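Asker: These are the residues of each chain, in order.
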Amino acid sequence: MFRAEFESAKNFKKVVDTLATLLDEVTLKIDEDGIKAIAMDPSHVALVSLNIPRIAFDSYDIDEEKEIGIDLEIAKKIFNRAKAKDKLILELDEEKNKLNIIFENTGKRKFSISLLEGVSTATKVPEIEYVNYVMIKGDAFKEALKDAKLFSDFVTLMIDEEKFVVYAKSEINETESIFEKDSSAVLSFECNENAKSSFNLEYLEDMVKGVGSGDVLKIYLGNDMPLKMEYSLAGAELLFFLAPRIEE
Amino acid sequence: MFRAEFESAKNFKKVVDTLATLLDEVTLKIDEDGIKAIAMDPSHVALVSLNIPRIAFDSYDIDEEKEIGIDLEIAKKIFNRAKAKDKLILELDEEKNKLNIIFENTGKRKFSISLLEGVSTATKVPEIEYVNYVMIKGDAFKEALKDAKLFSDFVTLMIDEEKFVVYAKSEINETESIFEKDSSAVLSFECNENAKSSFNLEYLEDMVKGVGSGDVLKIYLGNDMPLKMEYSLAGAELLFFLAPRIEE
Amino acid sequence: MFRAEFESAKNFKKVVDTLATLLDEVTLKIDEDGIKAIAMDPSHVALVSLNIPRIAFDSYDIDEEKEIGIDLEIAKKIFNRAKAKDKLILELDEEKNKLNIIFENTGKRKFSISLLEGVSTATKVPEIEYVNYVMIKGDAFKEALKDAKLFSDFVTLMIDEEKFVVYAKSEINETESIFEKDSSAVLSFECNENAKSSFNLEYLEDMVKGVGSGDVLKIYLGNDMPLKMEYSLAGAELLFFLAPRIEE
Numbered sequence: 001m002f003r004a005e006f007e008s009a010k011n012f013k014k015v016v017d018t019l020a021t022l023l024d025e026v027t028l029k030i031d032e033d034g035i036k037a038i039a040m041d042p043s044h045v046a047l048v049s050l051n052i053p054r055i056a057f058d059s060y061d062i063d064e065e066k067e068i069g070i071d072l073e074i075a076k077k078i079f080n081r082a083k084a085k086d087k088l089i090l091e092l093d094e095e096k097n098k099l100n101i102i103f104e105n106t107g108k109r110k111f112s113i114s115l116l117e118g119v120s121t122a123t124k125v126p127e128i129e130y131v132n133y134v135m136i137k138g139d140a141f142k143e144a145l146k147d148a149k150l151f152s153d154f155v156t157l158m159i160d161e162e163k164f165v166v167y168a169k170s171e172i173n174e175t176e177s178i179f180e181k182d183s184s185a186v187l188s189f190e191c192n193e194n195a196k197s198s199f200n201l202e203y204l205e206d207m208v209k210g211v212g213s214g215d216v217l218k219i220y221l222g223n224d225m226p227l228k229m230e231y232s233l234a235g236a237e238l239l240f241f242l243a244p245r246i247e248e
Numbered sequence: 001m002f003r004a005e006f007e008s009a010k011n012f013k014k015v016v017d018t019l020a021t022l023l024d025e026v027t028l029k030i031d032e033d034g035i036k037a038i039a040m041d042p043s044h045v046a047l048v049s050l051n052i053p054r055i056a057f058d059s060y061d062i063d064e065e066k067e068i069g070i071d072l073e074i075a076k077k078i079f080n081r082a083k084a085k086d087k088l089i090l091e092l093d094e095e096k097n098k099l100n101i102i103f104e105n106t107g108k109r110k111f112s113i114s115l116l117e118g119v120s121t122a123t124k125v126p127e128i129e130y131v132n133y134v135m136i137k138g139d140a141f142k143e144a145l146k147d148a149k150l151f152s153d154f155v156t157l158m159i160d161e162e163k164f165v166v167y168a169k170s171e172i173n174e175t176e177s178i179f180e181k182d183s184s185a186v187l188s189f190e191c192n193e194n195a196k197s198s199f200n201l202e203y204l205e206d207m208v209k210g211v212g213s214g215d216v217l218k219i220y221l222g223n224d225m226p227l228k229m230e231y232s233l234a235g236a237e238l239l240f241f242l243a244p245r246i247e248e
Numbered sequence: 001m002f003r004a005e006f007e008s009a010k011n012f013k014k015v016v017d018t019l020a021t022l023l024d025e026v027t028l029k030i031d032e033d034g035i036k037a038i039a040m041d042p043s044h045v046a047l048v049s050l051n052i053p054r055i056a057f058d059s060y061d062i063d064e065e066k067e068i069g070i071d072l073e074i075a076k077k078i079f080n081r082a083k084a085k086d087k088l089i090l091e092l093d094e095e096k097n098k099l100n101i102i103f104e105n106t107g108k109r110k111f112s113i114s115l116l117e118g119v120s121t122a123t124k125v126p127e128i129e130y131v132n133y134v135m136i137k138g139d140a141f142k143e144a145l146k147d148a149k150l151f152s153d154f155v156t157l158m159i160d161e162e163k164f165v166v167y168a169k170s171e172i173n174e175t176e177s178i179f180e181k182d183s184s185a186v187l188s189f190e191c192n193e194n195a196k197s198s199f200n201l202e203y204l205e206d207m208v209k210g211v212g213s214g215d216v217l218k219i220y221l222g223n224d225m226p227l228k229m230e231y232s233l234a235g236a237e238l239l240f241f242l243a244p245r246i247e248e
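Chains as they are written, first to last, in this note's numbering: chain H, 1 to 248; chain B, 1 to 248; chain A, 1 to 248.
Treat the hints with caution; some may be incorrect.
The list makes no distinction among identical chains, and a pair is therefore deemed to hold if it is satisfied within one copy or across any two copies.
Calculated pairs, DSS-like style, for lysine-lysine (alpha carbon to alpha carbon, straight line, at most 25 Å) [stated by the list, open to error]:
1. Lys196 to Lys108
2. Lys14 to Lys110
3. Lys98 to Lys149
4. Lys10 to Lys149
5. Lys142 to Lys124
6. Lys87 to Lys124
7. Lys14 to Lys142
8. Lys87 to Lys149
9. Lys108 to Lys98
10. Lys181 to Lys83
11. Lys85 to Lys108
12. Lys163 to Lys76
13. Lys85 to Lys209
14. Lys83 to Lys209
Quick caveat, the hints were computed from the structure, so don't treat them as lab data. Owing to the predicted nature of the structure, the values given are computational and were not obtained by experimental measurement.
Throw the hints in and build the complete structure from the sequences for me.
Answerer: Quick look at the structure:
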């Protein structure tokens, strides 16, 4: 059996939405420590790792480890129906092979979805050393991505001793958002080697879709290396790798 | 002559919107007691009855009974232009065969629409006995319908001694909103016989389109019988019947 | 060199948006007195004249008169990215033949756009005498245009000793917004000759697109004569002429 209560269905929705932008389906590994998932997007450009520790839940009961496959498109539609004060209950119905998603408020709204079979979980998180990182306010970074989108489908991130820069250009126009290391949008900053890499803008936007004001991103950057990004969302820990675009 | 003033054009808009979702045109019977209409939707699945008693108006002058045909598509567009503090004046121009719809605020905005001819009014409200009903908060019921819509175009309503349930399913997923009889969303509850009927979801949604938070629905339910629903909107009394879907 | 600072990028956006609804590109004449432009829309139905006096800027430095051609579609997209507290810096990069549009807030966001060449500026503001005008609240006039749009693509403006009227009709329906000269929406009124002219509704709506509550329009009206309209937006002075529609 598995049954867990989470204080805010609306907050859990952010996690579901973020997964759903990158993945069509996901295998959740549920054990005594909490809920985990690691997966690559269908085109193998981005990797996402999710960890919701047991402590993030109001209550959490499990008898033995489970692996369940979830259709994220359906899950997203359901969580889209969560209201501001709804409490969330997750309940595994092993007999019917279904997951019950329950929103509790003045009434009780129950959604039962069929589990998927045979979704793979073989992916591992790569071990890469980075010598640079910036901790930046999520909304400031999201705005910089939107600026970049005016002119391109790609964005170049750059870091040097003084600043972190988000840059994009079209054939005739260009834009850059400059975050000085002592800017109020930058919470922490370390640069041991000037670095510059370009990325697919749409993937980057998907990775931060659920991020709101108040959330902080930790971005690790190298030279033509994958981007690594970490942040917490509603008690869940999210980690991403995004392959760089090698310009020819 | 006919001339009536109504305090809030924006509130009257809700009544017009509700009629316009189900009907293309309507014949209003205007007499000393107020404004009445009874009509079936074009596919004869739903019946709507409207009664705006004279007392709902700030002023109301009429010389003799009238029947006027209104194009609800045009009426809806016009009432869509009503602003929060607009007062409404309805004025029959019998010479030009037009209805003047006037919004009065700092300025005066007048819309004159041609009356339709030969719209029938022969429909009667059916007399059916029900042994079950639930009075439920309009917005709670609307949310339950939206949940159901995720999985189906049909919805099943069920009542037993304990609860009122809104249920829907797709081939693999299902959802239900459960309203216990002592839930804060339920204001009154009577069940003398367990009952269950299925309905077209779109019609049900249309029937409650103008309902807002604070409005209360009275829903009568039988076994494979039409649904009967009553509520008040801005002083107008609305009554609906909706044919059940007989599953084969 | 040219460099100017403007307090609110968001306010400057209203000016850019208004130009962009009527024009694809514009030539700005920048000199010691400020920034000016005069242009006709591509179909030569409307003329727009812009004047942003030097005093509207927080700082303003220029060495000699410039004429620069701006792609308004790009400019509109960029100003659409302005945030509530962004300060605006305009900076001419004569070496690269670019205009830098900089939004400064906690960070610095810079957009560099290529200047257009050979955009003509030969247009002159016509000198026409009007004996009637009305100063009217911008939002009241905008609402009257929206009412008119329900029934037609054209609108008739009328003025007599008592009132200013915005009128439109379809084959069977009609609408009019009546502004009595002592209405609270009318700030000033002068009528020396009854007048009536019809105009293309879409152009009129474009001309007032950036106008908000609190903004006041001065409308000059004659008989089958162009409409003249003046208003201030964020310290910029805008003037329009719109050719009448001669009904046959």
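Asker: Decide, hint by hint, whether the structure agrees.
Answerer: For each hint, the structure was consulted:
1. Lys196 to Lys108: between (51 Å within a copy, 19 Å between copies)
2. Lys14 to Lys110: within (19 Å within a copy, 31 Å between copies)
3. Lys98 to Lys149: between (40 Å within a copy, 20 Å between copies)
4. Lys10 to Lys149: Classified as between; 19 Å across copies, 28 Å inside a copy.
5. Lys142 to Lys124: For Lys142 and Lys124, neither the intra-copy (27 Å) nor the inter-copy (44 Å) Cα distance is at most 25 Å.
6. Lys87 to Lys124: neither (32 Å within a copy, 46 Å between copies)
7. Lys14 to Lys142: Intra 15 Å, inter 24 Å, cutoff 25 Å: intra and inter.
8. Lys87 to Lys149: between (37 Å within a copy, 21 Å between copies)
9. Lys108 to Lys98: Cα proximity of Lys108 and Lys98: one copy only (18 Å, versus 50 Å across).
10. Lys181 to Lys83: between (39 Å within a copy, 21 Å between copies)
11. Lys85 to Lys108: Result: close within a single copy only, 12 Å intra versus 38 Å inter.
12. Lys163 to Lys76: neither (37 Å within a copy, 28 Å between copies)
13. Lys85 to Lys209: Both: 22 Å inside a copy, 23 Å across copies.
14. Lys83 to Lys209: Classified as both; 19 Å inside a copy, 19 Å across copies.
When the structure is compared with the earlier hints, violations turn up for hints 5, 6 and 12 and for no others.
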